[in-house]
Amino acid sequence: DQQVKQNSPSLSVQEGRISILNCDYTNSMFDYFLWYKKYPAEGPTFLISISSIKDKNEDGRFTVFLNKSAKHLSLHIVPSQPGDSAVYFCAASENRGNTPLVFGKGTRLSVIA
Amino acid sequence: SAVISQKPSRDICQRGTSLTIQCQVDSQVTMMFWYRQQPGQSLTLIATANQGSEATYESGFVIDKFPISRPNLTFSTLTVSNLSPEDSSIYLCSVTGIGGYTFGSGTRLTVV
Chain R
5 DQQVKQNSPS LSVQEGRISI LNCDYTNSMF DYFLWYKKYP AEGPTFLISI SSIKDKNEDG
65 RFTVFLNKSA KHLSLHIVPS QPGDSAVYFC AASENRGNTP LVFGKGTRLS VIA
Chain B
141 SAVISQKPSR DICQRGTSLT IQCQVDSQVT MMFWYRQQPG QSLTLIATAN QGSEATYESG
201 FVIDKFPISR PNLTFSTLTV SNLSPEDSSI YLCSVTGIGG YTFGSGTRLT VV
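Protein chains in written order, with my numbering: chain R, 5 to 117; chain B, 141 to 252.
Since the hints were derived computationally from the structure, they do not count as laboratory data.
Since we're looking at a predicted model, the values are computed, not measured.
Beta carbons: idealized from backbone N, C-alpha and C, even for Gly.
Some hints here could point you the wrong way.
Said to hold, decoys possible - According to the in silico footprint, chain B covers these stretches of chain R (three or more CB under 8 Å from chain B):
(1) 41–47
(2) 106–112
Claimed, not checked - Here are the computed distance ranges between Cβ atoms for each label pair:
(3) R:Met33 x B:Arg155: 36 to 42 Å
(4) B:Gly200 x R:Met33: 18 to 24 Å
(5) B:Gly200 x R:Gly20: 32 to 38 Å
(6) B:Pro211 x R:Ser32: 36 to 42 Å
As the list claims (entries may be wrong) - When the alpha-carbon atoms are kept at most 25 Å apart in a straight line, the in silico DMTMM-like pairs for lysine to aspartate or glutamate are as follows:
(7) B:Lys205 x B:Asp151
(8) R:Lys109 x B:Glu198
(9) B:Lys147 x R:Glu46
(10) R:Lys9 x B:Asp151
(11) R:Lys9 x B:Asp204
(12) R:Lys109 x R:Asp59
Next comes chain R alone, as it looks inside the complex (with noise of 0.2 Å):
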């Protein structure tokens, strides 16, 4: 049983323009939602993240999106850059900081100058 669920596997996108990865989770539980982006022969690198109190944060070009209801959340790029091409995963975990992280199977997002 899946409880991130990354839908699009891939996504391309023309430089200059918003790119939107979308994230899905299952357990209520989570409380502590993150966005890693990865390179093949590197560890995931830490993008942006948010607390379950809010549903929004923003940093720099990055804006993470969090819909409780929806069990839903998104990262938007804004504007979208050739070096931003790499798999992005989304992951959460139910007690920030005292529990694995649950990942997502990523998307691969691949922008086009």
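Following the hints, put chain B in place on chain R, whose structure we already have.
Relative to the frame of chain R, chain B by itself:
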């Protein structure tokens, strides 16, 4: 946040042998996690390793296949035993602390 040194970064191993992966953290951390990422798949938790106690394994992972050592608060090893081609994956360690979750750079294992 903590900095993790993970070794080796990659290895090619023969069937039936074992590989031991090391993670060294630059600060003391209570909880350390080991993940596996099979080709094209998500990161799957193998086990949680706390210092001074036995590792806690997730469903589908057993100690005989994935023995873990956690001798102190800055170091851990994961051994993948009796290797088969199905063990070809990326293995990652992770810690959690004041700075949030941190990951090692991963070990890419290929079993031939």
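Violations among the numbered hints, reported as their numbers in ascending order: The structure conflicts with hints 5, 10 and 11, although it agrees with all the remaining ones.
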